[in-house]
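Novice: Here this note's numbering is used: the sequence shown runs in plain steps of one and ends on residue 165.
Keep in mind the hints are simulated off the structure, nothing from the lab.
Using N, Cα and C, we set each Cβ at its ideal position, and we do this for glycine too.
Each hint should be verified, as a subset may be incorrect.
What the hints assert, rightly or not - Dumping the calculated DSSO-like pairs for lysine-lysine here, alpha-carbon to alpha-carbon at most 27 Å:
| id | residue 1 | residue 2 |
| --- | --- | --- |
| 1 | Lys103 | Lys158 |
| 2 | Lys133 | Lys165 |
| 3 | Lys165 | Lys62 |
| 4 | Lys22 | Lys144 |
| 5 | Lys62 | Lys22 |
| 6 | Lys165 | Lys22 |
| 7 | Lys144 | Lys62 |
| 8 | Lys158 | Lys22 |
| 9 | Lys22 | Lys103 |
| 10 | Lys103 | Lys133 |
| 11 | Lys36 | Lys144 |
| 12 | Lys22 | Lys133 |
| 13 | Lys133 | Lys4 |
| 14 | Lys4 | Lys22 |
| 15 | Lys165 | Lys134 |
| 16 | Lys4 | Lys36 |
| 17 | Lys62 | Lys103 |
| 18 | Lys165 | Lys103 |
| 19 | Lys158 | Lys134 |
| 20 | Lys36 | Lys62 |
| 21 | Lys4 | Lys62 |
Unchecked claim - Here are the computed distance ranges between Cβ atoms for each label pair:
| id | residue 1 | residue 2 | range |
| --- | --- | --- | --- |
| 22 | Glu128 | Glu45 | 18 to 24 Å |
| 23 | Ile153 | Gln19 | 35 to 41 Å |
| 24 | Lys4 | Ser29 | 27 to 33 Å |
| 25 | Thr25 | Asp125 | 48 to 54 Å |
| 26 | Asn8 | Lys133 | 16 to 22 Å |
| 27 | Thr2 | Asp88 | 41 to 47 Å |
| 28 | Thr12 | Glu121 | 36 to 42 Å |
| 29 | Glu26 | Leu91 | 20 to 26 Å |
| 30 | Ile153 | Glu45 | 19 to 25 Å |
| 31 | Ile16 | Lys62 | 38 to 44 Å |
| 32 | Glu149 | Lys4 | 19 to 25 Å |
| 33 | Thr2 | Gly115 | 20 to 26 Å |
| 34 | Ala152 | Met1 | 35 to 41 Å |
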Amino acid sequence: MTQKVYINGDGTVTVICPQCHKSRTENVSEHARTDKVATLECRCECGHSYSVMLERRKFYRKDTNLPGAYFYKKTNLPGTYTHEGRNDRGLMTVINISRSGLKIRLNVPRNFIPGDRLLVEFNLDDRERSPIKKSVIVRNVQEKFVGVEFAAIEHFDKLGAYLLK
Numbered sequence: 001m002t003q004k005v006y007i008n009g010d011g012t013v014t015v016i017c018p019q020c021h022k023s024r025t026e027n028v029s030e031h032a033r034t035d036k037v038a039t040l041e042c043r044c045e046c047g048h049s050y051s052v053m054l055e056r057r058k059f060y061r062k063d064t065n066l067p068g069a070y071f072y073k074k075t076n077l078p079g080t081y082t083h084e085g086r087n088d089r090g091l092m093t094v095i096n097i098s099r100s101g102l103k104i105r106l107n108v109p110r111n112f113i114p115g116d117r118l119l120v121e122f123n124l125d126d127r128e129r130s131p132i133k134k135s136v137i138v139r140n141v142q143e144k145f146v147g148v149e150f151a152a153i154e155h156f157d158k159l160g161a162y163l164l165k
């Protein structure tokens, strides 16, 4: 099984041998600047060989399956989100969460474009079923899958604590 490791800001990764649990730090800066998927073969001092996949994302992503809703804001101007009209809202599922955003799956494909603003609402699967309501900006669209970035990245609410679990 291939481990996923995150590249640190200094271009290094820390890999842990799955056999003996010994860790070591490797410089992978040459792989950090490429768009290709990078998988490294590592050999531990104990003799065990294993593979690691380099993850270039800035933040850890937590896989989820959380139902929710989105509301489309028709303009980038300040103001409230429109709720009238059946095409201005829809159902979604939060596929994963990071400190900077979400990956959502829409129940029905929409023609969102990068830069569109949405309001998303969903409940976490924590003990309190904490309600989350966030303003987000569409960053990429692949059919029913939409990558969104939080408009504000400070998470001093339940979402910040949820990501630490």
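Novice: For every hint, state whether the structure bears it out.
Specialist: Hints versus structure:
{"no.": "1", "hint": "Lys103 to Lys158", "result": "holds (18 Å)"}
{"no.": "2", "hint": "Lys133 to Lys165", "result": "holds (20 Å)"}
{"no.": "3", "hint": "Lys165 to Lys62", "result": "holds (9 Å)"}
{"no.": "4", "hint": "Lys22 to Lys144", "result": "violated (42 Å)"}
{"no.": "5", "hint": "Lys62 to Lys22", "result": "holds (25 Å)"}
{"no.": "6", "hint": "Lys165 to Lys22", "result": "holds (24 Å)"}
{"no.": "7", "hint": "Lys144 to Lys62", "result": "holds (19 Å)"}
{"no.": "8", "hint": "Lys158 to Lys22", "result": "violated (34 Å)"}
{"no.": "9", "hint": "Lys22 to Lys103", "result": "violated (34 Å)"}
{"no.": "10", "hint": "Lys103 to Lys133", "result": "holds (15 Å)"}
{"no.": "11", "hint": "Lys36 to Lys144", "result": "holds (24 Å)"}
{"no.": "12", "hint": "Lys22 to Lys133", "result": "violated (42 Å)"}
{"no.": "13", "hint": "Lys133 to Lys4", "result": "violated (30 Å)"}
{"no.": "14", "hint": "Lys4 to Lys22", "result": "holds (16 Å)"}
{"no.": "15", "hint": "Lys165 to Lys134", "result": "holds (20 Å)"}
{"no.": "16", "hint": "Lys4 to Lys36", "result": "holds (15 Å)"}
{"no.": "17", "hint": "Lys62 to Lys103", "result": "holds (10 Å)"}
{"no.": "18", "hint": "Lys165 to Lys103", "result": "holds (19 Å)"}
{"no.": "19", "hint": "Lys158 to Lys134", "result": "holds (12 Å)"}
{"no.": "20", "hint": "Lys36 to Lys62", "result": "holds (22 Å)"}
{"no.": "21", "hint": "Lys4 to Lys62", "result": "holds (13 Å)"}
{"no.": "22", "hint": "Glu128 to Glu45: 18 to 24 Å", "result": "violated (46 Å)"}
{"no.": "23", "hint": "Ile153 to Gln19: 35 to 41 Å", "result": "holds (38 Å)"}
{"no.": "24", "hint": "Lys4 to Ser29: 27 to 33 Å", "result": "violated (18 Å)"}
{"no.": "25", "hint": "Thr25 to Asp125: 48 to 54 Å", "result": "violated (34 Å)"}
{"no.": "26", "hint": "Asn8 to Lys133: 16 to 22 Å", "result": "violated (33 Å)"}
{"no.": "27", "hint": "Thr2 to Asp88: 41 to 47 Å", "result": "holds (42 Å)"}
{"no.": "28", "hint": "Thr12 to Glu121: 36 to 42 Å", "result": "holds (39 Å)"}
{"no.": "29", "hint": "Glu26 to Leu91: 20 to 26 Å", "result": "violated (44 Å)"}
{"no.": "30", "hint": "Ile153 to Glu45: 19 to 25 Å", "result": "violated (40 Å)"}
{"no.": "31", "hint": "Ile16 to Lys62: 38 to 44 Å", "result": "violated (20 Å)"}
{"no.": "32", "hint": "Glu149 to Lys4: 19 to 25 Å", "result": "holds (21 Å)"}
{"no.": "33", "hint": "Thr2 to Gly115: 20 to 26 Å", "result": "violated (35 Å)"}
{"no.": "34", "hint": "Ala152 to Met1: 35 to 41 Å", "result": "holds (37 Å)"}
Hint compliance for this structure: hints 4, 8, 9, 12, 13, 22, 24, 25, 26, 29, 30, 31, 33 are not met, and every other hint is.
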